[in-house]
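Enquirer: Produce the complete structure using the sequences and hints provided.
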Amino acid sequence: VISQESSFVAHHNNCNIVKVLSTLESPREDVLWPVRCLLKMAVTRKCLPSVLLMLNATIPNELRWRSPKTRGLAESPRPSLSLCLAIVGMILESANEATRYFLNLRDEDSCLPYWFSIDDQTRLALSILSIHGKFVLLQEPEVRSWALEKLKDEVHSSVDFNNVQYDLPSEWLKEIVTGAFCNAGCDIGLGFDSSVLRKSEAFESTRDEYNSCYRQDMLRIENLLNPQKNSGGLDYDLLIAALLILVQRDEKWRDGTSIPTQILLNAVCDKAGRKTGIDQKFIFDGATMMRLCALSENYQATAFLIGGKNGIILECADIIISNLGLSMNEAELLLFAGSVNEMKDFVTRIYRKVQIEKKQFAEFFPSESQQHLLWLLEQYSMNVRK
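Numbering-wise (the numbering used here), the sequence shown opens with residue 6 and increments by one.
Hints were generated in silico from the structure; no laboratory data involved.
Any given hint might turn out to be false.
Unchecked claim - With a straight-line cut-off of 30 Å between C-alpha atoms, the simulated DSSO-like cross-links for lysine-lysine are: (1) K24 <-> K74; (2) K257 <-> K155; (3) K286 <-> K139; (4) K139 <-> K157; (5) K257 <-> K280; (6) K276 <-> K314; (7) K157 <-> K257; (8) K74 <-> K51; (9) K276 <-> K155; (10) K139 <-> K24; (11) K314 <-> K139; (12) K276 <-> K286; (13) K74 <-> K155; (14) K157 <-> K74; (15) K139 <-> K234; (16) K234 <-> K157; (17) K280 <-> K234; (18) K155 <-> K45.
These numbers come from a predicted model, not from an experiment.
Expert: Shown next as structure tokens:
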């Protein structure tokens with residue numbers, strides 16, 4: 006029924022699979038129509054599991070994008086990746102229950118379930134397959150667990166400054182972020198973020214607009230992150246882990262967006278763990294995500310995950326570290342100093358920075374950090390009522 010396409014570019018283990026996907030041509034309709042008709046018949050006659058078993062026995066290599074087994078030293082080429090994606094896509098969109106039936110298929114040679122019978126490159130390609138605007142495979146436990154493990158390993162490996170090789174393509178990470186938003190039905194997943202934080206031309210050159218507090222930016226995008234009811238909610242674990250890596254790489258989370266990746270990460274961390282009235286499909290593993298944020302030394306994200314008083318303290322410590330070049334231990338000493346005398350070691354450094362800023366600007370403008378501190382004071386101190 007199905008033949009191999011000779012035009013497929015040979016597979017390389019270290020290739021960027023997402024870039025490969027963007028260059029693929031759709032298979033010919035005369036190749037796909039027998040499978041499409043078979044699936045429609047299976048859904049109509051309610052025999053989809055049996056038909057999937059037949060396909061699994063007939064075209065196991067095409068379903069798994071792997072080379073057929075051959076005798077001798079000669080290695081057969083893989084089937085077309087576009088063919089594999091097209092067939093799997095048709096299966097997944099045939100019925101709501103098709104995803105579970107499909108993943109339950111077992112490889113006849115290894116006796117392993119489908120997801121464990123394919124290699125990582127195939128998993129990368131299939132995990133970001135969109136079916137009617139949903140990344141359905143990411144909502145299945147085994148696929149999600151695999152994706153989380155890959156993300157955790159990437160965070161750990163990126164801590165090693167000698168590691169310049171990326172195991173996970175940035176394009177795949179961006180698709181994971183988009184997929185998590187699309188699965189939850191968030192407005193941000195529909196592209197409504199294109200201009201929400203874009204500065205107007207009238208204020209583009211003023212320092213007041215440029216030095217806005219990132220807390221204000223987080224508030225502006227808050228409603229874009231609200232999931233739809235009965236969607237299963239946001240998958241915070243996938244989102245936080247993927248965004249952390251993109252921040253480390255200084256990458257945008259989506260091309261053309263006006264929302265910086267760090268701002269989005271902060272907003273997601275601030276929202277994680279809060280009661281939203283929506284039943285979560287997956288339980289948020291806050292302890293693991295907090296360890297990943299701390300390991301990445303992303304103090305902003307860690308502060309919003311911690312929340313409460315301790316979160317605000319860490320938020321202030323991040324401001325001190327980024328402005329004065331202090332270590333975390335020094336920032337803590339400065340924050341918890343009981344008297345001016347205890348701050349004497351830092352006074353010279355602070356005074357020197359102030360003098361430099363005076364020379365640079367004839368007129369005083371509050372910096373981004375100063376506006377941030379003012380925002381915190383107004384929010385948590387001046388608005389307190391008895």
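Enquirer: All hints are to be evaluated individually against the structure, with a verdict given for each.
Expert: Hint check results:
| no. | hint | in the structure |
| --- | --- | --- |
| 1 | K24 <-> K74 | holds, 28 Å |
| 2 | K257 <-> K155 | holds, 20 Å |
| 3 | K286 <-> K139 | holds, 15 Å |
| 4 | K139 <-> K157 | holds, 23 Å |
| 5 | K257 <-> K280 | holds, 29 Å |
| 6 | K276 <-> K314 | holds, 16 Å |
| 7 | K157 <-> K257 | holds, 20 Å |
| 8 | K74 <-> K51 | violated, 33 Å |
| 9 | K276 <-> K155 | holds, 24 Å |
| 10 | K139 <-> K24 | holds, 20 Å |
| 11 | K314 <-> K139 | violated, 38 Å |
| 12 | K276 <-> K286 | holds, 16 Å |
| 13 | K74 <-> K155 | holds, 28 Å |
| 14 | K157 <-> K74 | violated, 34 Å |
| 15 | K139 <-> K234 | holds, 15 Å |
| 16 | K234 <-> K157 | holds, 29 Å |
| 17 | K280 <-> K234 | holds, 13 Å |
| 18 | K155 <-> K45 | violated, 35 Å |
Hint violations for this structure: numbers 8, 11, 14 and 18, all remaining hints satisfied.
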